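Put chain C on the given structure of chain S with help from the hints.
Residue numbers (my numbering), protein chains in the order written: chain S, 206 to 481; chain C, 74 to 327.
One or more hints might be untrue.
What the hints assert, rightly or not - 30 Å max Cα-Cα, derived DSBU-like pairs, lysine-lysine:
{"id": "1", "chain 1": "C", "residue 1": "Lys207", "chain 2": "S", "residue 2": "Lys335"}
{"id": "2", "chain 1": "S", "residue 1": "Lys351", "chain 2": "C", "residue 2": "Lys189"}
{"id": "3", "chain 1": "S", "residue 1": "Lys283", "chain 2": "C", "residue 2": "Lys207"}
Hint data in this document are derived by calculation from the structure and do not stem from the laboratory.
Since this is a predicted model, take the numbers as computed values, not measurements.
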Amino acid sequence: MNPMADLPAESILRFEDVSLRYDETPALERVSFEVLRGETRVVLGAAGSGKTTLLKAAIGLVRPDSGRIYLFGQDVGKLNEQEMVDLRSRVGMLFQEGGLFDSLTIEENVAYPLVNQRGRRIDPDHVREKVVEALSFVELEHTLDKFPSELSGGMRRRVGIARANVTDPPLVLYDSPTAGLDPITANTIIGLILKERDVKQTTSIVVTQRYQDGQMLARYRYEPLNGAIVPVSGKDKERGAQTVFMVMREGRLVFEGSQDELEAAQDAYIRKFVRR
Amino acid sequence: MLDFLIPPVLAIQEFFVLAAKAFQNIFRRPRYHQDMILQADIIGVGSLSIVMLTGFFSGAVMALQMSRALAQYGASGKIGEIVTITLVRELGPVLTALLVAGRNASGIASELGSMKVTEQIDAMRALGTDPIQKLVTPRLIATCLTLPMLTVVADFVGLIGGYVIAVPVLSLTTGGHYWSSAWRSLEYSDIAQGLVKPLVFAIVISLVGCFYGMRTTGGTQGVGRATTQAVVVASVWVFVLTFLITKVFVAIAA
Numbered sequence: 206m207n208p209m210a211d212l213p214a215e216s217i218l219r220f221e222d223v224s225l226r227y228d229e230t231p232a233l234e235r236v237s238f239e240v241l242r243g244e245t246r247v248v249l250g251a252a253g254s255g256k257t258t259l260l261k262a263a264i265g266l267v268r269p270d271s272g273r274i275y276l277f278g279q280d281v282g283k284l285n286e287q288e289m290v291d292l293r294s295r296v297g298m299l300f301q302e303g304g305l306f307d308s309l310t311i312e313e314n315v316a317y318p319l320v321n322q323r324g325r326r327i328d329p330d331h332v333r334e335k336v337v338e339a340l341s342f343v344e345l346e347h348t349l350d351k352f353p354s355e356l357s358g359g360m361r362r363r364v365g366i367a368r369a370n371v372t373d374p375p376l377v378l379y380d381s382p383t384a385g386l387d388p389i390t391a392n393t394i395i396g397l398i399l400k401e402r403d404v405k406q407t408t409s410i411v412v413t414q415r416y417q418d419g420q421m422l423a424r425y426r427y428e429p430l431n432g433a434i435v436p437v438s439g440k441d442k443e444r445g446a447q448t449v450f451m452v453m454r455e456g457r458l459v460f461e462g463s464q465d466e467l468e469a470a471q472d473a474y475i476r477k478f479v480r481r
Numbered sequence: 074m075l076d077f078l079i080p081p082v083l084a085i086q087e088f089f090v091l092a093a094k095a096f097q098n099i100f101r102r103p104r105y106h107q108d109m110i111l112q113a114d115i116i117g118v119g120s121l122s123i124v125m126l127t128g129f130f131s132g133a134v135m136a137l138q139m140s141r142a143l144a145q146y147g148a149s150g151k152i153g154e155i156v157t158i159t160l161v162r163e164l165g166p167v168l169t170a171l172l173v174a175g176r177n178a179s180g181i182a183s184e185l186g187s188m189k190v191t192e193q194i195d196a197m198r199a200l201g202t203d204p205i206q207k208l209v210t211p212r213l214i215a216t217c218l219t220l221p222m223l224t225v226v227a228d229f230v231g232l233i234g235g236y237v238i239a240v241p242v243l244s245l246t247t248g249g250h251y252w253s254s255a256w257r258s259l260e261y262s263d264i265a266q267g268l269v270k271p272l273v274f275a276i277v278i279s280l281v282g283c284f285y286g287m288r289t290t291g292g293t294q295g296v297g298r299a300t301t302q303a304v305v306v307a308s309v310w311v312f313v314l315t316f317l318i319t320k321v322f323v324a325i326a327a
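The shape of chain C in the complex, shown without the other chains:
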């Protein structure tokens, strides 16, 4: 009667097996440093411009939206604080993760999926190398290193976006007050939250991309399917996990 549960339960089990092996391989030889650097370049440097663009506009739009609401309470001077907290705690990590999920979870799934359907993964195994060590672990490490850095960049550029709207465009406050309130509003727990989230998202995005890539079947159509699934699943998990991590931090603060 519960047979319909078997495939998803098996998939979850396979995912955790892959994750465990990928983490184990971090401490095992051989270490494919070159692959890791290449992936860090693709994921980190490759996503930099789009992350900066999105960060800037999300900061700007936050300032624009909040300007009316804050004016109602005569609290326009709080704009720096509001933009900072929203960006550092939530928007920065989530938007950056979603961009990287769209750009790299899909890229990873399609690359590994193509390799799978053309027997290149089997060839790797046959040639005495572990595909998890060669393909998954470098992508995991590279995403874990670059996503937090991209998030920090997005946060900062977002603050500049907020500044541009708040100070030169709407004259809600002075530049000095904007930056000092932004700085003062941040607590260590905000920074911790803003860095823990991208790290967790990085693990999920890279492993979901690799997982769907490595289990691709059904030729080119299967590669397309794996790519879509990877982006959808990674994006949904970003939202679920940001909720759970926020819940933990709120509980700790309380």
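One chain only, chain S, in its complex shape:
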């Protein structure tokens, strides 16, 4: 079921002993991990534990004080801003509040990476088609002419997901996609992330405070035949194995492992997330 399983493991993102401080406050402390192609990473942690900084550091929005970060095999610290801009065009990112441009329409927001990225050559007539396709994916194709302020919080996240995926990037980062949303909308958002992941076979890193989000990403998959989200079972079990959980605490990575290992953990801080 999962074509990625047959491919050789390729390192998409690697942190080597990365530390970063904001003024005197440590945001990341000696963080090391590696994300392989096709994996889903669920990063759990309390507010201010360094989850967002981790994502920002991964794509060079903030530079570490020490350690190395390799994105698609390239040492982020050795690239200049222009080279980083090009490398970032291979990554999709959903910001905490959606990060939409409030003076642009939904169509212009989703089209933004297509028409503005340096290396991208796309026929202008084709842009609208791609935008409608990306918005249909999140079931918002009727909002093309609206502005972000006219949409609800959940809808803005969905537009953010469409924008993050419109260029079909191999790696997508989701920063707290369900924060501040009601449980039903939150599940819809995770369902869409799942659908993007499984249809486009992307490597995904999802930062969240909700254990349910990770649980859903590890235990469910998108069934393209009937468009439903179904539990993984039997031969699809490897999807669950490809979901790796990480727990952050005050800038440190205190846990990395499978869902079963996470649920078996005895540490009180880690258990706090599992119980949720």
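For chain C alone, coordinates are given in the frame of chain S:
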């Protein structure tokens, strides 16, 4: 002991880094022509009416003020010359720049500042685009193209303002003499000075607006602070630079 100097020195360094990148991007792809045209429309066309109004009244008030002084020396016929030289060399570029600083340095700083505090600048970077290339360079080019043109318009409308006071209102001279003395009084160095100044002011106004916008912190209050700082700093620099450029031109003429 000199720790208090660190923040301003760092700010100056950051400003020059931003300026260097903005200029570098003029020669780099991708070029955001649409953004540039949009900004030229906002800055140039948007400022046209206010620049014309101010230009007209500054020419008129110059003629009014000088009429008494020139009459004392029996030199009322020189009114066209005086108005032209003052407007082309100094008043036209400086007043236009101050208006554009008030209108556009603030606009740029508040727009970019709002984008900064709502993470839209970070989103731009994350989406594989360079915010300096997308936001700063088009504003720099647009201001550099439109401010000299606005200055020329202000100069001309100012001359009309001077004419209205000098000829129909005060009858200091004839229309033909006013315009011919205005024309004859101008030298190439005056034209050069009148065009170099707005170009330099344009660079300063756009970059100061962008600089304060891009380093905004502290939410909506921070946006307000950035806007005020941008207008104040840009306006002060207009006065400092007009002095320095005039000094250079005076030295060359000597």
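For each hint, the structure was consulted:
Restraint check for Lys207 of chain C and Lys335 of chain S: satisfied, since their Cα atoms lie roughly 22 Å apart, inside the 30 Å limit. Distance hint between Lys351 of chain S and Lys189 of chain C is fulfilled; the C-alpha atoms sit about 22 Å from each other, no more than 30 Å. Taken as a hint, the Lys283 of chain S and Lys207 of chain C pair is honoured in the structure, with Cα atoms around 24 Å apart against an allowance of 30 Å.
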